[in-house]
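Asker: Chain by chain, the residues run as shown.
2 protein chains.
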Amino acid sequence: VWSEVMARIMYTAGIRKKDRFQNAFGYGLFTGAHGFEKGAQKIGALVIPTSSGNTLRQLQLMKDFETTALGCTPSYAAYMAEVAEKEGYDIEKDFKLKVAMCGAEAWSDEMKRKIEEKWGISTFDNYGLTEIIGPGVSVECEEHDGLHINVDHFYVEVIDPKTGEVLEPGEKGELVFTTLTKEAFPSIRFRTKDLSILIEDECSCGRTLPRHVRLLGRADDMMKVRGVIVFPKQIEEAIMKVEGTSENYQIIKYKSGVMTQLKVKVEPDPGFKGDKNDLAKRIQDQIYGILNLKVGVEIVNIGDIPRSTGKAKRVIEE
Amino acid sequence: VWSEVMARIMYTAGIRKKDRFQNAFGYGLFTGAHGFEKGAQKIGALVIPTSSGNTLRQLQLMKDFETTALGCTPSYAAYMAEVAEKEGYDIEKDFKLKVAMCGAEAWSDEMKRKIEEKWGISTFDNYGLTEIIGPGVSVECEEHDGLHINVDHFYVEVIDPKTGEVLEPGEKGELVFTTLTKEAFPSIRFRTKDLSILIEDECSCGRTLPRHVRLLGRADDMMKVRGVIVFPKQIEEAIMKVEGTSENYQIIKYKSGVMTQLKVKVEPDPGFKGDKNDLAKRIQDQIYGILNLKVGVEIVNIGDIPRSTGKAKRVIEE
Numbered sequence: 444v445w446s447e448v449m450a451r452i453m454y455t456a457g458i459r460k461k462d463r464f465q466n467a468f469g470y471g472l473f474t475g476a477h478g479f480e481k482g483a484q485k486i487g488a489l490v491i492p493t494s495s496g497n498t499l500r501q502l503q504l505m506k507d508f509e510t511t512a513l514g515c516t517p518s519y520a521a522y523m524a525e526v527a528e529k530e531g532y533d534i535e536k537d538f539k540l541k542v543a544m545c546g547a548e549a550w551s552d553e554m555k556r557k558i559e560e561k562w563g564i565s566t567f568d569n570y571g572l573t574e575i576i577g578p579g580v581s582v583e584c585e586e587h588d589g590l591h592i593n594v595d596h597f598y599v600e601v602i603d604p605k606t607g608e609v610l611e612p613g614e615k616g617e618l619v620f621t622t623l624t625k626e627a628f629p630s631i632r633f634r635t636k637d638l639s640i641l642i643e644d645e646c647s648c649g650r651t652l653p654r655h656v657r658l659l660g661r662a663d664d665m666m667k668v669r670g671v672i673v674f675p676k677q678i679e680e681a682i683m684k685v686e687g688t689s690e691n692y693q694i695i696k697y698k699s700g701v702m703t704q705l706k707v708k709v710e711p712d713p714g715f716k717g718d719k720n721d722l723a724k725r726i727q728d729q730i731y732g733i734l735n736l737k738v739g740v741e742i743v744n745i746g747d748i749p750r751s752t753g754k755a756k757r758v759i760e761e
Numbered sequence: 444v445w446s447e448v449m450a451r452i453m454y455t456a457g458i459r460k461k462d463r464f465q466n467a468f469g470y471g472l473f474t475g476a477h478g479f480e481k482g483a484q485k486i487g488a489l490v491i492p493t494s495s496g497n498t499l500r501q502l503q504l505m506k507d508f509e510t511t512a513l514g515c516t517p518s519y520a521a522y523m524a525e526v527a528e529k530e531g532y533d534i535e536k537d538f539k540l541k542v543a544m545c546g547a548e549a550w551s552d553e554m555k556r557k558i559e560e561k562w563g564i565s566t567f568d569n570y571g572l573t574e575i576i577g578p579g580v581s582v583e584c585e586e587h588d589g590l591h592i593n594v595d596h597f598y599v600e601v602i603d604p605k606t607g608e609v610l611e612p613g614e615k616g617e618l619v620f621t622t623l624t625k626e627a628f629p630s631i632r633f634r635t636k637d638l639s640i641l642i643e644d645e646c647s648c649g650r651t652l653p654r655h656v657r658l659l660g661r662a663d664d665m666m667k668v669r670g671v672i673v674f675p676k677q678i679e680e681a682i683m684k685v686e687g688t689s690e691n692y693q694i695i696k697y698k699s700g701v702m703t704q705l706k707v708k709v710e711p712d713p714g715f716k717g718d719k720n721d722l723a724k725r726i727q728d729q730i731y732g733i734l735n736l737k738v739g740v741e742i743v744n745i746g747d748i749p750r751s752t753g754k755a756k757r758v759i760e761e
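These protein sequence lines are chains A and B, in that order.
As numbered in my numbering, residues 444 to 761 make up the first sequence, in order.
As numbered in my numbering, residues 444 to 761 make up the second sequence, in order.
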């Protein structure tokens with residue numbers, strides 16, 4: 444089923460047998476890379492399994508293999524263009540890239556336009572989630588007017604996140620999926636917390652699969668950082684595992700260039716006598732152990748984190 | 444062919460359908476992880492695609508999923524045991540590990556014994572190389588007396604590395620392979636530079652596939668560091684790409700715990716006026732760009748690297 448739906452969404456994005464698909468999603472426990480590999484192989488395209496990171500090498504391989512299609516998070520596609528410019532590549536002459544399939548993160552229309560302009564390519568948003576199958580649930584077509592949902596495999600509903608009531612096409616609510624063909628680990632009415640709208644009209648591309656609009660946000664406090672799902676609670680859990688920390692901490696979400704990054708400020712326990720750098724390192728290791736994400740940790744003085752008489756504001760955007 | 448030979452070597456190492464195989468080889472362009480994934484899936488075992496790195500998480504997953512078989516480089520298997528002890532795991536009670544399939548690096552018999560003792564498991568050496576197929580060429584059986592070669596797929600010869608003459612079983616020389624069944628990219632008499640000996644006697648395990656002894660070294664200056672193939676020439680190439688470097692450099696191979704590591708010392712060009720940390724960082728980035736390996740770089744004073752009147756000794760073992 445996965446190869447089938449992945450091949451379908453990649454074909455919709457224009458990927459064919461002659462294409463060379465650079466798979467810059469992170470291989471490992473993250474579903475993205477494995478799904479795109481299966482889809483590209485089913486189409487018969489060449490897969491260049493670069494995994495994430497090492498941007499200099501990504502660009503060198505992209506040039507040497509004449510990569511025509513790229514799969515990665517949107518922030519990484521933008522970052523790669525930045526590095527390519529800095530390294531003196533002539534993007535138009537040095538690369539043969541035509542298409543990028545981005546996903547695994549929320550990305551604005553501005554971000555999408557920026558990636559398309561910098562690379563001179565089309566980008567295709569796609570949607571999916573580990574609990575349902577990974578990528579492969581829906582994808583943009585060449586009209587770029589919403590994402591076609593593979594409803595023969597995933598039954599879709601949009602509900603009011605508060606009441607649970609099923610909404611009509613055109614109404615904004617939470618996407619809910621039921622798997623129709625998946626074996627061993629089916630999901631029934633899985634609530635995604637992702638907000639979107641179903642589109643009623645037929646698409647001018649001719650495909651009859653129904654569509655939803657690009658994601659409009661979340662109904663909870665989940666963040667995506669470099670393709671990794673982060674709940675503030677997981678960071679709290681990591682901090683609390685380390686001896687010498689207090690319950691006063693703050694998560695700061697900020698932009699470094701186009702990449703969304705996190706850093707964490709933690710007050711030590713009043714009785715803490717040890718080395719602050721060592722404490723920061725241990726917190727960082729614990730966060731990495733849980734999230735597989737390197738997050739900067741700063742140990743601040745006691746009293747530096749604003750106290751709250753109600754619900755503490757744990758996540759700050761800078 | 445690859446799934447077939449991988450399933451065969453993994454079955455030889457005792458891996459069955461009910462096993463849970465933690466695939467801690469690095470996914471990406473490195474062949475190891477992809478091959479072991481295909482083999483385990485053909486057997487029907489569960490694959491936990493952790494990829495390399497993040498040892499805390501590897502151990503947590505190994506415990507939670509009750510991993511029974513592990514695939515990784517030998518140095519990483521040893522390192523994981525060290526970290527497990529440090530983190531307070533009770534190796535016998537917390538883990539269900541039975542088997543480790545290690546490869547992609549030369550490892551001594553002492554290292555093998557150490558891994559087996561620390562984990563309380565059996566280890567199975569396996570051999571393969573990217574130019575032939577990746578892993579899947581040969582593997583130890585339960586007798587642990589040499590590696591059975593899949594000669595129905597890979598025709599083997601042992602030659603004198605100097606004269607090219609084909610040697611007899613029992614004589615030490617360079618392994619040479621010809622692929623018999625591989626399509627699209629066959630190899631004919633590929634010289635591996637790996638030194639070994641063919642074994643004439645039949646194995647008491649009953650398998651009739653011929654064997655070779657565990658690798659006895661290299662006929663060239665190739666090194667393996669954390670599973671990555673490194674030729675000194677590649678490091679030289681990276682250094683020379685960076686403006687401000689001289690032709691005086693040295694590669695130091697050292698042990699950090701059980702892991703083999705590299706660092707590089709470079710003299711700046713006499714005319715170099717910039718920041719040394721910045722120069723070191725640029726060299727490090729170039730090496731990473733070529734090798735996908737983080738290597739420490741130190742900028743030393745002019746004259747610090749011993750000069751040679753003959754062949755410069757570029758690689759030092761500490």
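Hints are not guaranteed to be accurate.
When chains are identical, the list treats them as one kind, so a pair holds in a single copy or across two.
[Said to hold, decoys possible] Below, simulated DSSO-like cross-link-like pairs (lysine-lysine); rule was C-alpha separation at most 30 angstroms, straight line:
1. LYS698 x LYS485
2. LYS561 x LYS724
3. LYS615 x LYS506
4. LYS506 x LYS684
5. LYS529 x LYS696
6. LYS724 x LYS536
The set of hints was computed from the structure by calculation and includes no laboratory data.
This one's a predicted model, so the numbers in the text were calculated from it and none came from an experiment.
Asker: When no copy is specified for LYS561 and LYS724, does a C-alpha distance of 30 angstroms or less occur within a copy, between copies, both, or neither?
Answerer: For LYS561 and LYS724, the Cα distance is within 30 angstroms only across copies (27 angstroms; inside one copy 37 angstroms).
Asker: Using 30 angstroms as the alpha carbon limit, work out where LYS529 and LYS696 are close: within a copy, between copies, both or neither.
Answerer: Classified as within: same-chain Cα gap 26 angstroms, cross-chain 33 angstroms, threshold 30 angstroms.
Asker: For LYS506 vs LYS684, is the C-alpha pair at or below 30 angstroms within one copy, between two copies, both, or neither?
Answerer: between (45 angstroms within a copy, 18 angstroms between copies)
Asker: Is the C-alpha distance from LYS724 to LYS536 at most 30 angstroms within one copy, between copies, in both cases, or in neither?
Answerer: between (44 angstroms within a copy, 29 angstroms between copies)
Asker: Between copies, within a copy, both or neither: which fits LYS615 and LYS506 at Cα up to 30 angstroms?
Answerer: neither (42 angstroms within a copy, 42 angstroms between copies)
Asker: Give the relationship of LYS698 and LYS485 under a CA distance limit of 30 angstroms: within one copy only, between copies only, both, or neither.
Answerer: neither (37 angstroms within a copy, 44 angstroms between copies)
Hint compliance for this structure: hints 1, 3 are broken, all remaining hints hold.
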